[in-house]
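Given the sequences, and given the hints that come with them, work out the whole structure.
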Amino acid sequence: MSFQMPQNLDELAAALREKDKNTHLCAGGTDLVIHLRKDKNFHYSLIDLTHLPELSKITETEDHVLIGAGVTMTELEQSPVIRKWMPALAKAASMVGSTQIRNRATLGGNVANASQSSDTTPVLLAYGAEAEILDESGAETIRLVDDFVEGLEKTSLGEREVILKFLVRKQNVLSGFAKVGTRKAVTISKINGCICAEIKEGCMVHPVVYLGAVGAKASRARLIEACLEGLSLSGCDEEKVRDAVYAQIEENIPDRPSKHYKKSAAFGVVDQILDDLRRAEEEAGR
352 MSFQMPQNLD
362 ELAAALREKD
372 KNTHLCAGGT
382 DLVIHLRKDK
392 NFHYSLIDLT
402 HLPELSKITE
412 TEDHVLIGAG
422 VTMTELEQSP
432 VIRKWMPALA
442 KAASMVGSTQ
452 IRNRATLGGN
462 VANASQSSDT
472 TPVLLAYGAE
482 AEILDESGAE
492 TIRLVDDFVE
502 GLEKTSLGER
512 EVILKFLVRK
522 QNVLSGFAKV
532 GTRKAVTISK
542 INGCICAEIK
552 EGCMVHPVVY
562 LGAVGAKASR
572 ARLIEACLEG
582 LSLSGCDEEK
592 VRDAVYAQIE
602 ENIPDRPSKH
612 YKKSAAFGVV
622 DQILDDLRRA
632 EEEAGR
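Its first residue numbered 352, the sequence shown is counted upward by one per residue in my numbering.
Since the hints were derived computationally from the structure, they do not count as laboratory data.
One or more of the hints may lead you astray.
[What the hints assert, rightly or not] No more than 25 Å apart at the CA atoms, straight line, and that leaves these computed lysine to any residue pairs for SDA-like:
(1) K435 to L417
(2) K435 to N523
(3) K521 to L417
(4) K505 to K521
(5) K551 to E601
(6) K372 to E504
(7) K521 to L584
(8) K435 to E632
(9) K541 to E632
(10) K541 to E428
None of these values were measured; they are calculated from a predicted model.
Here it is, written out as structure tokens:
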């Protein structure tokens, strides 16, 4: 067993060169500990990512918001930058687990774990987020999050690659997030979703909708998007939206016994997000 604590990206790349299948990257550790216990794995090595300043910052440029992979859910929830440019991400982060979990769990870990119930992933996908990734040679590449998150606990990240930060283009949109779980708090999502949309004269333009937990990974809901295009936030046709949501779930999971429950739950999620967008638009207009 070994424990490495890189202090900069050169040291991190060196640690990655020595990494084997029994060496794990650790930031918050909230998912890792569960997996190690489940697999009864008591002989492993760790690369601690918590002392790398590049991974712990939220910054902004003229065109982008940059979020370090080691930023915690609590930091996302409280960040003025995230609240301004990605309110759906602040809300999603606020609904992850308990206070103790949110103080430890990181954005990079939540995405790289590739759970179909991840709360932050649908938001990043809706915003078209990219990730900056470091490999063992020290080379950095940029990839769409939607490209490397492939399915249930499956990504295309290499054995010796690590996410450094997420890049999100600043957009003039409203966004919302909602979820349904087995209880009101400290719950894993049975279904969740994010909507991003431009608002012109009170109507949604170019809405982007992602639903989580209705397939192996969060997926784009184009049937719902088509329904929402041009709809007024103040007077949505509830029956029309419900039909689109039901059709989307039928398309995503036609053979799953849970599809009947998921249809109602997904409509509740979409309806809640539309309510949030309506309130945000009203507040912006005051």
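Going down the list of hints, with the structure as the test:
no.	hint	in the structure
1	K435 to L417	holds, 13 Å
2	K435 to N523	holds, 10 Å
3	K521 to L417	holds, 10 Å
4	K505 to K521	violated, 28 Å
5	K551 to E601	violated, 31 Å
6	K372 to E504	holds, 16 Å
7	K521 to L584	holds, 22 Å
8	K435 to E632	holds, 14 Å
9	K541 to E632	violated, 28 Å
10	K541 to E428	holds, 21 Å
Checked against the numbered hints given earlier, the structure breaks hints 4, 5, 9 and satisfies all the rest.
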